[in-house]
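**Q** As they're listed, the protein sequences go chains A and B.
Quick note: the first sequence, position 27, residue 27 per my numbering, numbers continuous.
Quick note: the second sequence, position 195, residue 195 per my numbering, numbers continuous.
In case anyone wonders, no lab produced these hints; they're calculated from the structure.
These numbers come from a predicted model, not from an experiment.
One or more hints might be untrue.
Facing chain B, according to a computed beta carbon distance under 8 Å, are these residues of chain A, among others [unchecked claim]:
(1) Leu-184
(2) Gly-320
(3) Gly-321
(4) Ala-330
(5) His-445
(6) Ala-448
(7) Ala-457
Residues from chain A that keep clear of chain B, each with C-beta distances beyond 12 Å, as calculated [said to hold, decoys possible]:
(8) His-267
(9) Asn-306
(10) Leu-316
(11) Arg-334
(12) Leu-444
Just so it is clear, CB atoms sit at the ideal spot from N, CA and C, and this is done for glycine as well.
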Amino acid sequence: MRLEERGWVLGGGLCAQWAWVHRERVRQALAELRGAIKGLSRAPAGARDFLPGLNYFLSRSGPRRDQLAAHPALDYWLHLESRQRGARLSDADRRLHLGLFQGLAAALALARRDGLKTAGAVDPDGRFFFYGTPHYLSFPRESAGEAFALELGARKGSVTWKGRRLALPLKALRGPALKAPLPLGGVALESLREAAPGIVVDDAGWLVLHGVTMHGRRRFASASEGDRFAAVLSRALSDMAERAPGLHAELTDLTRVLVPLENPQGHGSVSSSYVNLRGAICLSHAEDPLLQAETLIHEFCHMKMNQLLSVDPVLLPGQGGQAFYSPWRADARRLRGLLLGAHAFLNVGLYIGRSLEREEYGEEQEIELMVNVARRAEQVETALRGLSLYGSFTEFGRRFMLRMWRELAALRQATLWYPPALLEEQRAAALEHRRRHALADTGLHKAADFVDAVRRAPFLTPGER
Amino acid sequence: MNLKQRDDCVRALRDCFHKERAKGLQELLSSLDALLPAGRWEIGLCGARGFSAAALRYFGPSLPDGAARALGLSAPPGAPPAGFPRLAFVWDFAGAALDAPRVYGAELKARPFRPRDFGAPVAPALEAFAALCPVHDAVIERGSARWALRLAETLCWPDFLRLDIAAAFASAGGQSALLMRDLRVGELAFDGEALWAHAGS
């Protein structure tokens, strides 16, 4: 399929290309899953209790299966699988690893009302998640690592644990997030909050949280704290649906999990996303829905680019030299970093600019937002310049770059009504950052210990000697 | 590069980094200039050792007797194939020592570049490199681990720094660009321990 650049630079909505790239991702995930199942043929007998769930998941095609195949839980599970391949796992570790997958199979069976009999395993925190739904089972903490039998059907379901058969409330499992835990006799059915249909706030899922390594995760001290986190994000998403429907459609299609982070320094926002946890955005709380929207868009753009790069590298392979100036950093970066930064902040700048056009803000906030947009325009231009000076691109990559320049022009257009002094201040700040960290007007990075003792011809201005 | 460019490079090395330690190199080159026929020069930077090592290679006609004696050679060396350097000086600034000059002869052979000749894990890296920077030929020294890739088209220094294979040079990126100026990389070489990038005009 010939990729069209506009939908990848900006939010193009759920078009044919978006679906095609998603199918490619699903195809890759299923191929890896097939490989994992093949590897199980040599596993001990106990491991094969988990095969039904794996085989069931592979055997069922359709939109719900494909959606789950793109869930961050499966992304991370496959990452762990590739790391463990060939290693000697203990029985307990193998049970945990295979048992974690079953939540995806169970969620699929629930949605399709299929019959499924498989084994599950309690995670180290005492839970079993039906990934792709907001629901999970809470076991006593001391049951961590234990296996149980899981049976699902169109009308009935059960968990057999420690010899006891516990009926599962299928109507609740197929419904929205529960407001309170549902006791099931030694085990409880509980739910994560949803920020939007299909997007959970996850501060408890062991598999997904295991992959969050860059920042401290936040456990909500109270229900109201968690509710507030979800509510602000929900507002951010509903605003986005009005102001940038294409972007919103893509973001809510790809994002399945929002992980709350700590913000120990009290920065405006702390956030991250991971190449092996596509569909999970990790972010700290903020009361401002627009700030949360900015963070969501930033991280989503990184995820979107990672999806795109798996089908077209944009930059020709082999250009990983870490020698370039970045307007966002003090250290040298690779061209790929400039590409991801330019793409993310272009979209952030355009969204904030559009919000300024359409909404009323107090004067102080209006100024802050203008500063934000003007700063992003300078930074994006610097990054695009560095890429254009030094990068070699694929055919699609060349079109992608030109489109980014065009959209930057649109962003500049949007700032025409901002106070000139404000724009000048951001330009000066950008130049000062470049003066400190770039090698003159090149796009190369200049280290802190840079020495410039090269002789130059004297430059005389009138009146000087 | 011509003598002016060579001396500008050496002066930059001295003024920016090595001060007195580089003085000996400049003095040696000045004494040789009186003896060597007109030719061209290339500078090489070592990725692993950064600016603590530099190579200067001389491309020109055969060495006259006077130059050979000044270099401590018992007899003028035989001719290397066309396009190869006659002499190479490697200067270790850390120890302020000039290695004995390398004199090239018939041991160098150029052949078509085939990544598989280099074996894993080097072959895939060189293949990716050649996709971005077409290679004219490979020079493999018999009986040693040394090799060189001569490029079909030279690269300006920043274009070289962007490559995966230039990772060893990246940490000195801006500094090296100040030194290399408009010199262009024409050869990527491996001395058995580290990668070198050789650049002329």
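**Q** Are the hints correct? Go through all of them and say.
**A** Do the hints match the structure? See the list:
1. Leu-184: Violated - the Cβ of Leu-184 of chain A stays beyond 8 Å from chain B, reaching only about 54 Å at its closest.
2. Gly-320: Gly-320 of chain A check passes; min Cβ-Cβ to chain B is 4 Å, inside 8 Å.
3. Gly-321: At about 4 Å, which falls below the 8 Å cut-off, the nearest Cβ of chain B leaves the hint on Gly-321 of chain A intact, so it holds.
4. Ala-330: At about 13 Å, which exceeds the 8 Å cut-off, the nearest Cβ of chain B leaves the hint on Ala-330 of chain A violated.
5. His-445: holds (6 Å)
6. Ala-448: violated (10 Å)
7. Ala-457: Hint violated; Ala-457 of chain A Cβ to chain B Cβ min 13 Å, cut 8 Å.
8. His-267: Given that every Cβ of chain B is farther than 12 Å from that of His-267 of chain A, nearest at about 28 Å, it holds.
9. Asn-306: Non-interface label on Asn-306 of chain A holds, nearest chain B Cβ at 19 Å vs cutoff 12 Å.
10. Leu-316: Non-interface label on Leu-316 of chain A violated, nearest chain B Cβ at 6 Å vs cutoff 12 Å.
11. Arg-334: Violated, since 8 Å does not exceed 12 Å.
12. Leu-444: The claim breaks: Leu-444 of chain A does not keep its Cβ more than 12 Å from every Cβ of chain B (closest is about 5 Å).
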